[in-house]
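Engineer: Letter by letter, the chains look like this.
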Amino acid sequence: MRRVAITGAGTINALGHDVATTLAAMREGRCGIGPLEFRDVDRLQIRIGGQVRGWEAEAHFNRQDLALFDRFTQFTMIAARQAVTQSGLDFSGRLGLECGVVLGTAGGGVNTWDENYRTVYEDGKNRVHPFVVPKLMNNAAASHVSMEWNLRGPSFTVATACASSNHAMGLAFQMVRSGAARAMITGGSEAMLCFGGIKAWEGLRVMSKDACRPFSANRNGMVQGEGAGVFVFEDWDHAVARGADILTEVAGFAMSSDAADIVMPSQAGAERAISGALRDAGLNPADVGYVNAHGTGTAANDKTECAAVAHAFGADADRLMISSTKAMHGHLIGGTGAVELLACIMALRDGVIAPTIGYEEPDPECALDVVPNVAREAKIDAALSNAFAFGGLNAVIALKRA
Amino acid sequence: MSVKNRVIAIIAEQAVLDVDQVSPEMRLDELGIDSLGLVESVFAIEEAFDISVPFNANAPEQSGFDMTTVASIIAAVEDMVAQSA
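Chains as they are written, first to last, in the working numbering: chain A, 1 to 402; chain B, 1001 to 1085.
No lab work stands behind these hints, which were simulated from the structure alone. Glycine residues also receive a C-beta, built at the ideal position from the N, C-alpha and C atoms. Just to be clear, a hint being listed does not mean it is correct.
Claimed, not checked - Short, incomplete list of chain B residues facing chain A, as computed with Cβ under 8 Å:
id, residue
1, 1031
2, 1035
3, 1036
4, 1043
5, 1055
6, 1056
7, 1057
8, 1058
9, 1059
Unchecked claim - Ranges between beta-carbon positions, derived for each pair:
id, chain 1, residue 1, chain 2, residue 2, range
10, B, 1029, A, 203, 46 to 56 Å
11, A, 123, B, 1024, 43 to 53 Å
12, A, 264, B, 1048, 41 to 51 Å
Whole structure, please, built from the sequences with the hints as guidance.
Structural biologist: Below you can see the structure in the form of structure tokens.
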């Protein structure tokens, strides 16, 4: 089995348009959630979100690209460009045959669906743009990444709701570890902050109207975000041989299924994924200093997740730091694990633990060190990133300091 | 149909029971209505009476809309219908 290095990272989200800005915001505990701005927002009950601000697609893509790139693809391409540039890899020759791309998204081109349904249903038009299908399909982003960088190995998209990115990155990790690929571009993207996207979520009655406050006793629901996180996972020896800067090591991954309920999480299922990731990475609970929580700010997730972490870590849960960065960037649904992996990289590489902002009242059912409101300096050797999806699909990634 | 009978019909449908098996003093949990069933019931009530029910699934007990029993729902809906009239 080969070791796996992360040699490139990129992102765009409500906290910033690149990794440096995003990590600076996480360090400062800045909140990227604010009033939503898009057509018909006044018809919504929920009017806040972690929206990407100041985004000018025309500055980054030409007319032909824009005709084919939904917002979730645009975000992916920007993040992928940053990650590939940082890695210094050139896929144009033989290397491209041994590399691929696995990305996560829950909804794919939601804005494209929304705009074109509006065209035919509300505006009564009988014709839509010829590229609607290739623009909205869930694999559009992965395919455009493969074309842009000449990646001709295994490439596909994973859709497991809120765990999509973690499942995607876990599969990419397994492919590099097994030798099936030399390097993989991986992560995920989501862009469902539009009228239809939020209207659908409103129906579940789990969204907050004012703020995302994970683990806080007065939390009242989740807040959606948008954006992308993309990484280069590379064969460790390949990275070392070319003198690449290794950000962190991907050490383990586990997934589990609750097989129980379409929306309610299960402690046992989450716990099996957490313990499985530790085992897969060859880590003991005592080795892990930080867990980036799924931490949605809903009653159901937060208490179930804390119970699962407490049980999986046993006595070590008492000194473990666990935070949810969703209070800053919102819940990026299928892209969330990718942006949250950045908090783990920051913890391991820079020794800074991102805080859980918006924390106001302790909840006895979430009695862990949630790093409330203010970032903390700590030298740690290993970190986990949790993602638990609707449908009971759990995916946990373990990272080690390089 | 009265508000009471319409609410009972909605709850009975959610609980997969006949309307005569649902009476006002019954609790929703004893009728087997889970969290998803609650959210669906709220939706059906909103559609039936053209009202907006303040219900947050994160904290049903703090929503200002008491969904503990069939009777408490009937009372709350009668209130809201009266206010919107």
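Engineer: Could you run down the list of hints and mark each one as holding or not?
Structural biologist: Results for each hint:
1. 1031: 18 Å, violated
2. 1035: 7 Å, holds
3. 1036: Holds, about 6 Å.
4. 1043: Since chain A brings a Cβ to about 7 Å from residue 1043(B), closer than 8 Å, the hint holds.
5. 1055: 6 Å, holds
6. 1056: 6 Å, holds
7. 1057: Holds: closest Cβ of chain A sits about 4 Å from residue 1057(B), inside 8 Å.
8. 1058: 4 Å, holds
9. 1059: 6 Å, holds
10. 1029(B) to 203(A): 46 to 56 Å: 22 Å, violated
11. 123(A) to 1024(B): 43 to 53 Å: 47 Å, holds
12. 264(A) to 1048(B): 41 to 51 Å: This hint is violated: roughly 26 Å between Cβ atoms.
Hint compliance for this structure: hints 1, 10 and 12 are not met, and every other hint is.
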